[in-house]
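Chemist: Those sequence lines, one after another, are chains A and B.
Using our numbering, you'd call the opening residue of the first sequence number 52 and step up by one each time.
Using our numbering, you'd call the opening residue of the second sequence number -3 and step up by one each time.
Honestly, the hints are just simulated from the structure, not real lab data.
Only a predicted model underlies this, so the values are computations on that prediction, with no experimental measurement involved.
You may find that some hints are simply not true.
Stated by the list, open to error - Listed next, the stretches of chain A that the computed footprint assigns to chain B, with coverage defined by at least 3 CB atoms under 8 Å from CB atoms of chain B: (1) 85 to 94; (2) 99 to 107; (3) 146 to 159.
What the hints assert, rightly or not - Think about it this way: if two alpha-carbon atoms lie no more than 25 Å apart in a straight line, the pair counts; the simulated DSS-like pairs of lysine-lysine are: (4) A:LYS121 to B:LYS96; (5) A:LYS104 to B:LYS96; (6) A:LYS121 to A:LYS108; (7) A:LYS106 to B:LYS96.
The beta-carbon is built from N, C-alpha and C at its ideal position, and this holds for glycine as well.
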Amino acid sequence: DVKVTQSSRYLVKRTGEKVFLECVQDMDHENMFWYRQDPGLGLRLIYFSYDVKMKEKGDIPEGYSVSREKKERFSLILESASTNQTSMYLCASDLSGTVFFGPGTRLTVT
Amino acid sequence: AQSVTQLDSQVPVFEEAPVELRCNYSSSVSVYLFWYVQYPNQGLQLLLKYLSGSTLVKGINGFEAEFNKSQTSFHLRKPSVHISDTAEYFCAVSDPGTYKYIFGTGTRLKVLA
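Whenever a hint applies, use it, and build me the whole structure from the sequences.
Modeler: So, in structure tokens, the structure goes:
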């Protein structure tokens, strides 16, 4: 089975902190994604990466950056966390037209 | 650009009754279509997918969906629901050969005893 893991299930950070969300997949997938999930808005794409060191902005990249130094790992960075970034963050990887999701990180910024 | 519409934000249904969750997408020459389920405080799990071939797709947990190109719909059905089916369901679409998946806003299915 494909496994996508995220470093934290729950995270509480203060406004202005730099936040790292880590994601690892174990199936050698080329494509990886970061989504944000908010009630009534569904899933919105923040960034995706189609190869090591390659990335493209999604629909809501403002306030976020990403890093992909190794194929299996895709990190989402909040340079200076703000309260409007309180949300559920879902990492995913893609194989043959199917997306596999991690369990999610529920981030609260106070 | 592709878009996905899930008109029903919540669907209550009694246990053992049938259910249909609706999904419509914007027109395209060809699409891949998906349904995902999300249980509380978990990530999304793939229920079923349509990539090509038969328009009736069977998935896990007794769910099925039918691809209707003329109506640009991909409705999810189950003939008899269980309490354990209570979850949020997301429809998604992608254009073949692209990296972008567009998700609907989700439908909360609540199965009542």
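Chemist: If a hint holds in the structure, say so; if it doesn't, say that too.
Modeler: Evaluated hints:
| no. | hint | verdict |
| --- | --- | --- |
| 1 | 85 to 94 | holds (count 5) |
| 2 | 99 to 107 | holds (count 3) |
| 3 | 146 to 159 | holds (count 9) |
| 4 | A:LYS121 to B:LYS96 | holds (21 Å) |
| 5 | A:LYS104 to B:LYS96 | holds (18 Å) |
| 6 | A:LYS121 to A:LYS108 | holds (19 Å) |
| 7 | A:LYS106 to B:LYS96 | holds (13 Å) |
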